[in-house]
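*Asks:* All chains, full assembly: derive it from the sequences and hints.
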Amino acid sequence: MMRSKKSSIRLVMSVGNLTRARQSYLPWVLIIACLVLSIHRYDAAEYISNMAEDVSQIVVNSKSTITGSVPEVKAPYESCKNSTDRTKEKQLKIAYVFLSSDNLSLWPVWEEYFSTCSSEMIDVIVHSVNPVNMSSMIPIFQLPTERTLNESLRFSYDMVQATLNLYRSALERACGKRDIKNCDPGMLPDFIHLLSDSCAPTRTCADVNTYLQDKQGKSFVERQLRWSSYHEETDSWDNYRKSSQWVTLTGKHALHMVLREDKLHKKWSGFNKHNGKAPDEYLPATELSNWGLETHRKVLTFSWWQGERKGFDESLKKQGLAELNHKVDYSHPATFETSDYVKFLLANTPEYLFVRKVRGGEALHILLSNLQRGRECITAKF
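For the sequence shown, position 171 (counting from the first letter as 1) is numbered 163 according to the numbering used here, and the numbering increases by one without interruption.
In case anyone wonders, no lab produced these hints; they're calculated from the structure.
From a predicted model like this one, the values you see are computed outputs, not experimental measurements.
You may find that some hints are simply not true.
Distance condition first, Cα-Cα at most 20 Å in a straight line; then the derived DMTMM-like pairs of lysine to aspartate or glutamate [said to hold, decoys possible]:
no. : residue 1 : residue 2
1   : Lys85     : Glu104
2   : Lys290    : Glu343
3   : Lys244    : Asp206
4   : Lys290    : Glu214
5   : Lys210    : Glu81
6   : Lys207    : Glu286
7   : Lys169    : Glu253
8   : Lys244    : Glu164
9   : Lys234    : Asp206
10  : Lys349    : Glu104
11  : Lys244    : Asp171
12  : Lys210    : Glu329
Label pairs and their in silico Cβ distance ranges [stated by the list, open to error]:
no. : residue 1 : residue 2 : range
13  : His324    : Arg252    : 14 to 22 Å
14  : Met126    : Met179    : 34 to 42 Å
15  : Gly352    : Gly284    : 24 to 32 Å
All C-beta atoms in this analysis are idealised placements derived from N, C-alpha and C, irrespective of residue type, glycine included.
*Replies:* See below:
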């Protein structure tokens, strides 16, 4: 019986199949959850509620996931129908904070992206061991030496610390002072968007601003419930959750996190030593949930992991493209660098505003052309 239904619960199934799978398997998921809870002595009511919410989110997220039955769709700005009148919109204050190993190789794309927003409402901050030397119309603030971590950040609490350093700098710059604890709430950024040097925008800054208009007050963080031996062994652990590292926090939520920096270090600094997992993928989702801070339960940046590779390769074949030949393992997302793959990526990630991992060369030109067309759409609208 289980074998006959195996295909209906794969990640590569259609949204319709996902919906039917949720209806068929949710009761069994809840029964299993109760059995687990009876062993671990957790609050069953709260856990079941969270579990039901997480299973429901699978269906929601599936609508923005590349599947084996992708229809032929167009890139974001192949037509201008998605461009809207923004004359009455408030421009949000957004800090774009980059974790970079070197220069920002996709910076020409980002300069084009920022061209449709007021520079006064944008702050670009970079954590990089090497100096960021680029000619730019947009001011770039690089973290000072005392806030820059020189060791490898991956699978280490140092990645979290580097991120917190970026958040703190973004808050200080917005507040105009180092005493961020007493900052006027109206001075805080509306959002702080975390990026790597391989992230790229797929929509114009103006369109991102439009998208975020009615989504203020909540951070963009996935909240997938997880179990581990570390969870069981740690008395202070609660609602252990995972998200993509590349989250978008409200200024208030980032402030809440930075002001608890010492407590977070004490709790999380040994996390990867117990289970080899990356704390940067668990801390934001877990802590924001435990603090009762609201999130949109999704992120704005798309990435494609090897665990989902089969469905992606099938989709490529349907579009007449060969499978990705990049070396991909479970600890790295797929890399997109040729024009065909980047065009496919742009056309098939409509629910996301940014993508990673993207390399320069052909990819840069496609991304740049897409945003230039988006800017023309805005000009045409007004």
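*Asks:* For each hint, tell me whether it holds in the structure or not.
*Replies:* Hint check:
| no. | hint | result |
| --- | --- | --- |
| 1 | Lys85 / Glu104 | holds, 18 Å |
| 2 | Lys290 / Glu343 | holds, 10 Å |
| 3 | Lys244 / Asp206 | holds, 17 Å |
| 4 | Lys290 / Glu214 | holds, 5 Å |
| 5 | Lys210 / Glu81 | holds, 19 Å |
| 6 | Lys207 / Glu286 | holds, 11 Å |
| 7 | Lys169 / Glu253 | holds, 18 Å |
| 8 | Lys244 / Glu164 | holds, 13 Å |
| 9 | Lys234 / Asp206 | violated, 25 Å |
| 10 | Lys349 / Glu104 | holds, 19 Å |
| 11 | Lys244 / Asp171 | holds, 14 Å |
| 12 | Lys210 / Glu329 | violated, 33 Å |
| 13 | His324 / Arg252: 14 to 22 Å | violated, 30 Å |
| 14 | Met126 / Met179: 34 to 42 Å | violated, 28 Å |
| 15 | Gly352 / Gly284: 24 to 32 Å | violated, 42 Å |
In summary, the structure is inconsistent with hints 9, 12, 13, 14, 15 from the numbered list given earlier, while agreeing with the others.
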